[in-house]
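Peer 1: Take a look at the letters that make up each chain.
2 protein chains.
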Amino acid sequence: MVKENPPSPSYVLDDTGVDFDILPQLVGHHIGRAYRALFDHFCKTTAEYDITPRQFVALVLIDANPGSSQTIIARAAGIERSTMVSLVDILEERKFVVRTRSTKDRRSYALTITKQGKELVTKLKPLVTAHDAHVIQHLTDNEKDSMVKSLDKVMMGER
Amino acid sequence: MVKENPPSPSYVLDDTGVDFDILPQLVGHHIGRAYRALFDHFCKTTAEYDITPRQFVALVLIDANPGSSQTIIARAAGIERSTMVSLVDILEERKFVVRTRSTKDRRSYALTITKQGKELVTKLKPLVTAHDAHVIQHLTDNEKDSMVKSLDKVMMGER
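These protein sequences, in sequence, are chains A and B.
In this text, residue positions in the first sequence follow our numbering: the first is 1422, and each later residue adds one.
In this text, residue positions in the second sequence follow our numbering: the first is 1422, and each later residue adds one.
Chain A on its own, in the form it takes in the complex (with noise of 0.2 Å):
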């Protein structure tokens, strides 16, 4: 199962004797996995909170630029609007954020953050500090700064 001839550029996965086949090549493949690595460690470290990556991007945000629109939160966040709607769904459900039919335009919605979804930032912003210096606590300040610069160009223009 392992190739002989590793295709060019042959980006490393591991050493396991797996085929990856064209994975390698697809430098999404190589965001995904981190991606998911970092997801998982991400709701380790929040676990007592029961929070995802996305909720809490969308808490800091409302809590940053209280009301703001729901349109201009997702956005920001990088997040689809349909998937927004759901997302906000359920900070409202647990009594973290507030949408209220925005005074400028009715038919859009404006969120503010409540007294309990401020001290959840409170309290998970040290942890998600401390969990994103454990991911990437194998890089250079330089790999870092210039990995970031890349990611931002990621779907650049698109998004």
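Among these hints, one or two may not hold up.
One copy or two, it doesn't matter: identical chains are merged, so the pair holds either way.
Taking lysine-lysine and the DSSO-like style, the derived pairs with C-alpha atoms no more than 30 Å apart in a straight line are [claimed, not checked]:
no., residue 1, residue 2
1, Lys1544, Lys1565
2, Lys1516, Lys1565
3, Lys1570, Lys1465
Derived from the structure by calculation, the hints contain no laboratory data.
Position chain B against the provided structure of chain A, taking the given hints into account.
Peer 2: The following block gives chain B in isolation, referenced to the frame of chain A:
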């Protein structure tokens, strides 16, 4: 809502006047945003086949490593065991994969791709390759290579 003193390091996420608070400093957030953008584009590109990136990865690995155990495929794909079970359930229901008791270890499952599964993978590969090229079109080869190397260091040794 615009911060007068941006946090350092201040990775710029956009210029909409949204206050991103601590998010720009969290590397995981940049990975998450990139992943969500490419996830949406992947699903759009492969819409007629109704497949997720994770299902694609699993199919490619099962195709390239016939008879491998579910555990080995999950590990190679970077998918948690419990998630892998429901993922293979779906692939089996759709007749892309067959799950049989391993002859070596009766407690574990061996996975084999079906004729339909093979046909699907053959159709998907060029689509996903084109999708991947689109996603990283704004990156130079050097940026791409070093981003991949850094991504592979995320959660290194723990996945």
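Peer 1: None of the hints should be skipped; say for each whether it holds.
Peer 2: Outcome of the hint check:
In this homomeric assembly, Lys1544 and Lys1565 come within 30 Å of each other (Cα to Cα) only inside a single copy, at 26 Å, whereas the closest approach across copies is 36 Å. Proximity of Lys1516 and Lys1565 under a CA criterion of 30 Å is satisfied in neither setting, with 36 Å inside one chain copy and 42 Å between copies. Both within a single protomer and between protomers do Lys1570 and Lys1465 lie at most 30 Å apart by alpha-carbon distance, with minima of 27 Å and 25 Å respectively.
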